[in-house]
Amino acid sequence: MKDYESRPDEFDIHLDIDGADTIITVKPEETSDGGLYYVCYIGPDRITQLREELDGEWEQIWGVLDHWMIDAIGREINQRQKS
Numbered sequence: 001m002k003d004y005e006s007r008p009d010e011f012d013i014h015l016d017i018d019g020a021d022t023i024i025t026v027k028p029e030e031t032s033d034g035g036l037y038y039v040c041y042i043g044p045d046r047i048t049q050l051r052e053e054l055d056g057e058w059e060q061i062w063g064v065l066d067h068w069m070i071d072a073i074g075r076e077i078n079q080r081q082k083s
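For the sequence shown, full-length UniProt numbering begins at 1 and goes up steadily by one.
Hints were generated in silico from the structure; no laboratory data involved. There could be a bad hint or two in this list.
[Stated by the list, open to error] Calculated pairs, EDC-like style, for lysine to aspartate or glutamate (alpha carbon to alpha carbon, straight line, at most 20 Å): (1) Lys27 to Asp9; (2) Lys82 to Asp12; (3) Lys82 to Asp55; (4) Lys82 to Asp71; (5) Lys82 to Glu52; (6) Lys82 to Asp66; (7) Lys82 to Glu53; (8) Lys27 to Asp71; (9) Lys82 to Asp45; (10) Lys27 to Asp12; (11) Lys27 to Glu57; (12) Lys27 to Glu53; (13) Lys82 to Glu29; (14) Lys27 to Glu76; (15) Lys82 to Glu10; (16) Lys82 to Glu57; (17) Lys82 to Asp33; (18) Lys27 to Asp45; (19) Lys27 to Glu52.
Let the sequences and hints guide you as you build the complete structure.
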């Protein structure tokens, strides 16, 4: 049985999207084998699911965001985890 208490809580990040400060809610989840990925929402709408690869690159596992947005969200997730 998984220990869901050890999973990080959801958090918000802010990105400038088309000149507007946009709040993206990030919900960490785990795969069945314990790998961490992040489900991202703007308001109630799920916009993507991302995971960080071993080489530090961010990969989109669901969604249609461009590479700039994937990298920007990934950088903000990393910054949030460092603080």
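Each hint tested on the structure:
Between Lys27 and Asp9 the CA atoms are separated by roughly 7 Å; this keeps the pair inside 20 Å, and the hint holds. Annotation: proposed proximity of Lys82 to Asp12 holds, straight-line Cα distance about 14 Å (limit 20 Å). For the hint pairing Lys82 with Asp55, the CA-to-CA distance comes to about 18 Å; that is within 20 Å, so the pair holds. A threshold of 20 Å between alpha carbons decides the hint, and for Lys82 with Asp71 the separation of about 17 Å falls inside it, so the pair holds.
With a CA separation close to 15 Å, the supplied pair Lys82 and Glu52 stays within the 20 Å bound. Note on Lys82 and Asp66: the hinted pairing is violated, with a Cα-Cα distance of about 25 Å set against a maximum of 20 Å. A hinted pair counts as satisfied when its Cα atoms are at most 20 Å apart, and Lys82 with Glu53 qualifies at roughly 17 Å. Restraint check: the Cα-Cα separation between Lys27 and Asp71 comes to about 17 Å, which is no more than 20 Å; the hinted pair holds.
Among the hinted pairs, Lys82 with Asp45 is inconsistent with the structure: their alpha-carbon atoms are about 27 Å apart, more than 20 Å. The suggested pairing of Lys27 with Asp12 holds, with an alpha-carbon distance near 9 Å, which does not exceed 20 Å. With a C-alpha separation of about 19 Å, the suggested pairing of Lys27 with Glu57 holds against the 20 Å cut-off. Restraint check: the Cα-Cα separation between Lys27 and Glu53 comes to about 18 Å, which is no more than 20 Å; the hinted pair holds.
Under the criterion of a C-alpha separation no larger than 20 Å, the hint pairing Lys82 with Glu29 is consistent with the structure, at around 18 Å. Note on Lys27 and Glu76: the hinted pairing holds, with a Cα-Cα distance of about 13 Å set against a maximum of 20 Å. Taking the CA atoms of Lys82 and Glu10, the gap is about 15 Å. The hint holds against a cut of 20 Å. In summary, the hint linking Lys82 to Glu57 is supported, as the alpha carbons are separated by about 17 Å, within the 20 Å threshold.
For the proposed pair Lys82 and Asp33, the alpha carbon gap of about 24 Å is over 20 Å, so the pair is violated. As the CA atoms of Lys27 and Asp45 are separated by approximately 13 Å, the hinted pair is consistent with the 20 Å bound. Our distance criterion of 20 Å between C-alpha atoms is met by Lys27 and Glu52, whose separation comes to about 14 Å.
Violation of the numbered hints given earlier is confined to hints 6, 9 and 17; the remaining hints are satisfied by the structure.
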